[in-house]
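A.B. asks: Sequence:
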Amino acid sequence: MSRGFVKEGDQEDVPMVPQRAYLPDGVPNFVTPAGMELLLAEKQLLINERDNVVAANENEKRIAVNFINAKLQLLNDRIADARVVDPKDGPQDEIRFGALVTLRNEGSGKIQEFQIVGVDEADISKGKISFISPL
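The sequence shown maps to residues 115 to 249 in my numbering.
Incorrect hints may appear among the rest.
[As the list claims (entries may be wrong)] When the alpha-carbon atoms are kept at most 20 Å apart in a straight line, the in silico SDA-like pairs for lysine to any residue are as follows:
(1) K185 <-> L214
(2) K242 <-> L186
(3) K224 <-> L214
(4) K157 <-> K202
(5) K242 <-> L153
(6) K157 <-> A236
(7) K242 <-> P147
(8) K202 <-> P129
(9) K202 <-> N166
(10) K185 <-> P129
(11) K175 <-> N162
(12) K242 <-> Y136
(13) K175 <-> D191
I should point out that these hints are in silico values taken from the structure, not numbers from a laboratory.
Generate the whole structure from the sequences, applying the supplied hints.
C.D. replies: Spelled out as structure tokens, the structure:
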């Protein structure tokens, strides 16, 4: 349709949806069982949020629902590509995906523990680092 026949108020902004945690092309999306549970719980929260959108008018509601649907699409793609790896299934004496690693700073002697997890589960404040993060 020609722009001459479109009212300015009819133009809807495309919602800017933040990307999920970075995962390089071609790299498998490894997740721990706990990480998969978090992804599925996030999906359910988004579905509940979408189903209970309250807005001042239909246009605002449509924009809010479209935003949530866009977030759900990114999440569904991540879930579909997920490869669940249970840390208990591998050797316990190797540093690998799912392992709990203890590090000691040689200078200060400070000891830190980290678990190597999937990109969506990573949270440094909880001692969880992504398997693609440099250490």
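A.B. asks: Compare the distance between the alpha carbons of K224 and L214 with 20 Å, and conclude whether the hinted pair is satisfied.
C.D. replies: Satisfied, since the Cα-Cα distance of roughly 16 Å is no more than 20 Å.
A.B. asks: Mind checking the alpha carbons of K157 and K202 for me, to see if they're no more than 20 Å apart?
C.D. replies: 26 Å, violated
A.B. asks: Does the alpha-carbon distance linking K157 and A236 stay inside the 20 Å limit?
C.D. replies: 17 Å, holds
A.B. asks: Are the Cα positions of K175 and N162 separated by 20 Å at most?
C.D. replies: At roughly 14 Å apart (the allowed maximum being 20 Å), N162 and K175 satisfy the hint.
A.B. asks: Please work out if K175 and D191 have their alpha carbons no farther apart than 20 Å.
C.D. replies: 24 Å, violated
A.B. asks: Verify the proposed pairing of K202 with N166, using a straight-line Cα cut of 20 Å.
C.D. replies: 39 Å, violated
A.B. asks: Between the alpha carbons of K242 and P147, is the straight-line distance 20 Å or under?
C.D. replies: Judged against 20 Å, a Cα distance of about 14 Å means the pair holds.
A.B. asks: Check whether the Cα positions of K242 and L186 lie no farther apart than 20 Å.
C.D. replies: 24 Å, violated
A.B. asks: Mind checking the alpha carbons of K242 and Y136 for me, to see if they're no more than 20 Å apart?
C.D. replies: Holds, at about 15 Å.
A.B. asks: Take the C-alpha atoms of K202 and P129, compute the straight-line distance between them, and say whether it is at most 20 Å.
C.D. replies: 41 Å, violated
A.B. asks: Please work out if K185 and L214 have their alpha carbons no farther apart than 20 Å.
C.D. replies: It is violated: about 31 Å lies between the C-alpha atoms, which goes past 20 Å.
A.B. asks: Hinted pair, alpha-carbon criterion (20 Å max): K242, L153. Please report holds or violated.
C.D. replies: 15 Å, holds
Consistency with the previously given hints fails for numbers 1, 2, 4, 8, 9 and 13, ordered from lowest to highest.
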